[in-house]
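Enquirer: In terms of my numbering, the sequence shown opens at residue 437 and continues consecutively.
Just so you know, these hints were derived from the structure itself, not from any lab. It is possible that part of the hints are untrue.
Mimicking SDA-like on lysine to any residue, the simulated pairs with C-alpha atoms at most 20 Å apart in a straight line are [to be verified]:
no.	residue 1	residue 2
1	K722	I740
2	K757	D785
3	K736	I796
4	K630	L683
5	K677	Y658
6	K722	L683
7	K689	N763
8	K591	P676
9	K689	I731
10	K792	T755
11	K689	P676
12	K744	T691
13	K620	Y658
14	K561	L597
15	K486	N474
16	K631	L683
17	K557	E477
18	K561	L480
19	K736	M794
20	K821	Y733
21	K689	S758
22	K486	K540
23	K762	R727
24	K667	R727
25	K486	P556
26	K543	E477
27	K487	S512
28	K619	A588
29	K561	L470
30	K665	N679
31	K620	Q705
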Amino acid sequence: MNFLIILLGKLLSSFIRLLNLGNGSTWPGHIALLLNDNFIEQTLNKSKIKKVVIIGTNGKTTTSKLIRTIFKTNNSKSVYNMSGANLLNGIASSIIISSKFDGKLKKDFAVFEIDENAFPKVCEKIKPDFVIALNLFRDQLDRYGEIDTISANWKKAIDGLKDTTLILNADDPQIAFLGKGLKKNVYYFGLEDKKLENGLMQHGADSILCPSCATSLKFSSYYFSHLGKWKCPNCNLERPKPNLSKLSYYPLKGTYALYDILAAVLFAQVAGINKDVITKALKDFKPAFGRQETISYMEKDVQIFLSKNPISFNESLSTVKSLGGKNLIIILNDQIPDGLDVSWIWDIDFENILTKDMNILVTGERMFDMATRLKYAGFFAHVAK
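Turn these sequences into a full structure, and let the hints guide you.
Expert: Given below as structure tokens:
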């Protein structure tokens, strides 16, 4: 049965790419799961492949790309799902594309970035060997509920896993809490850099209550949003000491990117990859599409930052500002992958990040919404279709 599913999926994927209808990263898997709901576990269980799952609101694609670059440098073979194909059908499609017709995956690792709501089901299906949890912020308002609900579902899913190694962000209270009370291997990454610390909580910070007792957390410092050094004054739950907090080289700019890099490196260390291999991979790393990617246009370098929620937008703006950028193009759309509800732009901290000497142009399907938001923030923006 799976032989026919894989054959059909490979043909469909090739057909989709041939006609420029997409990259064939979801529909083959969608059809495969309609024909056999157990397709994913049946194919993954045929091999000794190590399964790595990456979850978080921001940074999944960058972390995945970093890990795959490390694997490539280490001559380790991996299968991965395409950016955005982070549901079960995306996993199934990646298996179809990478497997032999008998369903066997001759790979060392499978690296899957997973949608927040899909994570519990993915855990049931594939029983990951590693879970890397980056952060949890409010995201697309039309798709997700409160982060407390999501984190509770994540905690329940992780508690039900056996022999899974966790790589967790110590600076995010909700993420750090995922490791509480577990006897399995748990490792933490976080920042230890006085230069990056902020004494004030940013507007729109999300996790300000203790994930254990719901008391207001006390922060001695912040890195951005609710990520920082925290402790609960009631139950004494506190930020775990990170196993990794500093590196000698970072291939990306911005505080938010440091977390992705630390997560990828800590995972690689735990997985037993040589330090020199990791260092070389970081120096050879090329950003994923839209994630600080630089392109040339009319003899000018254009750097692209993808943001889908207030926190990631704030961090992108802060990074642009730190790099001395003065010419800013903001593109706002409202398609399903971007989120249909764009009211989140009112939580972006334009007022405290942008400077009056920046030249701003807005475009996209919701350009007038963005221009209006900028006007209320006190900034003039050119509008162009």
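Enquirer: So if I understand the rule, the pair passes when the alpha-carbon distance is 20 Å or less; does K620 with Q705 pass?
Expert: Status holds; Cα separation ~17 Å.
Enquirer: Could you grab the alpha-carbon distance between K757 and D785 and see if it respects the 20 Å cut-off?
Expert: 13 Å, holds
Enquirer: Given the hinted pair K722 and L683, is their alpha-carbon gap at most 20 Å?
Expert: Satisfied, since the Cα-Cα distance of roughly 18 Å is no more than 20 Å.
Enquirer: Is the Cα-Cα distance between K631 and L683 20 Å or less?
Expert: Status holds; Cα separation ~15 Å.
Enquirer: Take a quick look at whether K689 and P676 sit within 20 Å of each other, Cα to Cα.
Expert: 25 Å, violated
Enquirer: Assess, step by step, whether the Cα of K677 is no farther than 20 Å from the Cα of Y658, and give holds or violated.
Expert: Answer holds: K677 to Y658 is near 16 Å, not above 20 Å.
Enquirer: Need the status of pair K591, P676: alpha-carbon distance at most 20 Å?
Expert: 17 Å, holds
Enquirer: Does the structure keep K486 and N474 at a Cα separation of 20 Å or less?
Expert: 19 Å, holds
Enquirer: Verify the proposed pairing of K722 with I740, using a straight-line Cα cut of 20 Å.
Expert: Judged against 20 Å, a Cα distance of about 13 Å means the pair holds.
Enquirer: Given the hinted pair K486 and K540, is their alpha-carbon gap at most 20 Å?
Expert: 14 Å, holds
Enquirer: Taking 20 Å as the top limit, are the C-alpha atoms of K792 and T755 close enough?
Expert: 17 Å, holds
Enquirer: Below or equal to 20 Å on CA atoms is what counts here, so check K561 against L470.
Expert: Holds - the C-alpha atoms of L470 and K561 are around 15 Å apart, at most 20 Å.
Hints 11, 13, 24 from the list above are not met by this structure, while the remaining hints are.
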